[in-house]
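Peer 1: Fit chain B to the supplied structure of chain A, relying on the hints for placement.
2 protein chains.
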Amino acid sequence: MTHYTLAFLGFGNVGKALARLLLDKQSDIQSQYGITFSAVAIATGRHGSALNPGGIDLEKALSTEDFSSLSTRPAPADMLAFIRECGADVLFENSPVSYADGQPALSHLRAALESGMHAFTANKGPVVHGYHELRALAQQHGVRFFHESTVMDGAPLFSTFRAALPAARLLRFTGILNSTTNLMLSRMENGESFDEAVAYAQRIGIAETDPSGDVDGWDAAIKVAALTTVLMDVPFKPQEVDRTGIRAITPEQIAAAAAQGKRWKLLCRAERTAAGVQARVAPEMVGPETPFYQIDGTTSIVQFETDVLGRLSIIEEDPGPHTTAYGLLADFLNAVRTN
Amino acid sequence: MTHYTLAFLGFGNVGKALARLLLDKQSDIQSQYGITFSAVAIATGRHGSALNPGGIDLEKALSTEDFSSLSTRPAPADMLAFIRECGADVLFENSPVSYADGQPALSHLRAALESGMHAFTANKGPVVHGYHELRALAQQHGVRFFHESTVMDGAPLFSTFRAALPAARLLRFTGILNSTTNLMLSRMENGESFDEAVAYAQRIGIAETDPSGDVDGWDAAIKVAALTTVLMDVPFKPQEVDRTGIRAITPEQIAAAAAQGKRWKLLCRAERTAAGVQARVAPEMVGPETPFYQIDGTTSIVQFETDVLGRLSIIEEDPGPHTTAYGLLADFLNAVRTN
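Going down the list, the sequences are from chains A and B.
Taking the working numbering, the leading residue of the first sequence gets 51, the next gets one more, and so forth.
Taking the working numbering, the leading residue of the second sequence gets 51, the next gets one more, and so forth.
If we strip away everything but chain A, and leave its shape as in the complex, we get:
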């Protein structure tokens, strides 16, 4: 039996779903993997922080509004100091991030790895801005940096390549990776205007007040950059993706596609070429003979082409905070399991 102490940075929807999942799976994890764990640190932006080397009660953490009430000693307000002093073996990094530079998540992860902690994140920013550095740092300190939930939530993309497809070389991939625009295009097929579709996505909480991150293809481009950086092992920035969003798609174009038995989808593509990786995000018309046609609403897909298999597609339906949380749990177990 090996015991791990856990630290949570950020305890919003994903952090809470992870805590719930850890509680639900605790006895399975103990019996299947010989692993036990306790939460020793939780830091939040607006609800205080808790440090308790003896173990924070996660049930209590799930219902509190003030984490400092769960703390047995003063918690540093500075996040880097908090990470260095929390004494945990594992960091789950889920704090708000800037996609421009991956901060402050990148610094958090760096501090954790340098302190000899395994570090896992659902934040794409640090992957596109620091993957190779963080991987090297992890190696140097004998720990792991994993980030399964950064693309397609908890669906096993990075881990499948890492642990199930040895000696495979990824040549290209094609996918639908942004749920918000995919849902909007589905709504527009049902007669909504672009603005109505944006308003709907905002109403159900999947689009921001400023929807440009989704509709201009930035979120998709960041995911393309993350997949390229990790799975092709080629550092790649979102700005390098040839990017067209869905703003220019008109109801007339949607109708014209339907008349041909086709649909508009915001397709992500990346390919190794002699001149390096070429990547783009752009609306394309797809027919029912492709696996992209039936990808509705918040479902996503990625189709991989390698040198060893035919095309291999992975489709994830019904994502949510609980599936993002599962990706983080999987990262933790995959990093430390011995069987």
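If you're looking for bench data, these hints aren't it; they were derived computationally from the structure.
Errors might be hidden in some of the hints.
With a Cα cut of at most 35 Å, we get these calculated DSBU-like pairs of lysine-lysine [unchecked claim]: (1) A:Lys312 <-> B:Lys312; (2) B:Lys110 <-> B:Lys75; (3) B:Lys312 <-> B:Lys66; (4) A:Lys75 <-> B:Lys287; (5) A:Lys75 <-> A:Lys110; (6) A:Lys287 <-> B:Lys75; (7) A:Lys312 <-> A:Lys287; (8) B:Lys287 <-> B:Lys312; (9) A:Lys110 <-> A:Lys66.
Peer 2: Only chain B this time, still in chain A's reference frame:
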């Protein structure tokens, strides 16, 4: 650098494709995983056998019609004796198998594991007839028994669950797992009769002279049993699958489905219930809103439902002996790699 000696049982299309892949990937495997290897034993049914502890030249093996010409010492004609005396660290088992009892592959794998060899197979028979026994035997001898290529060729199903989805509980799965019938149904949609579609599948070499293994759903049922046995950890026999083949599907039914915008597919289903696992193979009509609709020809799909993710589908296109061979190579590397 760790060196592994390899034995091949059966050296037909798959064995040859594996030898070719090993040659192609040799330097990548050495640089990425610190693993080197040499072939020391090849046994075939009709072209003799070779034993050479110093290493059989795989290029020569790929072009010979008489393996005994590559042997440096007498090779036992008895397969079990051959396995016990070959001195290899790894057995790739690809000899002809009976689906009724998984023999003789089951005995070959048992002998290999008992001799402390890792054992990998593309044969479904030993999985449905001996998985739990072989797994226990492997554990007892500190080696691994893997079988990625038994379902959907080299697509990573077993390895994804084993290495990428820790603590996930598989609740049900649905799939199209038999390429021959899927191709036949596609041909019938294009106007061929059942008999013409059988004849076509036989002509291109994917259906046997007696096509009942495919058209009566046996091959699909064996795959359902293999997935259930391994991924649900519930021993399950093909005979326990409620099985209906595609013989009764008429051109009229195909046309009626098309008129509704649907297609007939031979769907495989298994589900955990309070009364144990319930499984069936039967033709079903599917619409374009499902991922099954666009699965054409020899493409296959499986959709998994677990307690931790939404539905997760894996689609494999363009299978062939080279993808089956990759599954065997992946099994080998996944069993012995240390990074």
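Peer 1: State for each hint whether it applies.
Peer 2: Hint by hint, here is what the structure shows:
For the given pair, Lys312 of chain A sits about 16 Å from Lys312 of chain B by alpha-carbon distance, which is consistent with the 35 Å threshold. Proximity of Lys110 of chain B to Lys75 of chain B is assessed by CA-CA distance (about 17 Å); at most 35 Å being required, the pair is judged to hold. Annotation: proposed proximity of Lys312 of chain B to Lys66 of chain B is violated, straight-line Cα distance about 40 Å (limit 35 Å). About 30 Å separates the Cα atoms of Lys75 of chain A and Lys287 of chain B, which keeps this hinted pair within 35 Å; it holds.
Note on Lys75 of chain A and Lys110 of chain A: the hinted pairing holds, with a Cα-Cα distance of about 17 Å set against a maximum of 35 Å. The straight-line distance between the Cα atoms of Lys287 of chain A and Lys75 of chain B is roughly 30 Å, inside the 35 Å bound, and the hint therefore holds. Restraint check for Lys312 of chain A and Lys287 of chain A: the C-alpha separation of about 31 Å stays at or below 35 Å, so the hint holds. With a C-alpha separation of about 31 Å, the suggested pair Lys287 of chain B and Lys312 of chain B falls inside the 35 Å cut-off, and the hint holds.
A threshold of 35 Å between alpha carbons decides the hint, and for Lys110 of chain A with Lys66 of chain A the separation of about 11 Å falls inside it, so the pair holds.
Checked against the numbered hints given earlier, this structure breaks only hint 3.
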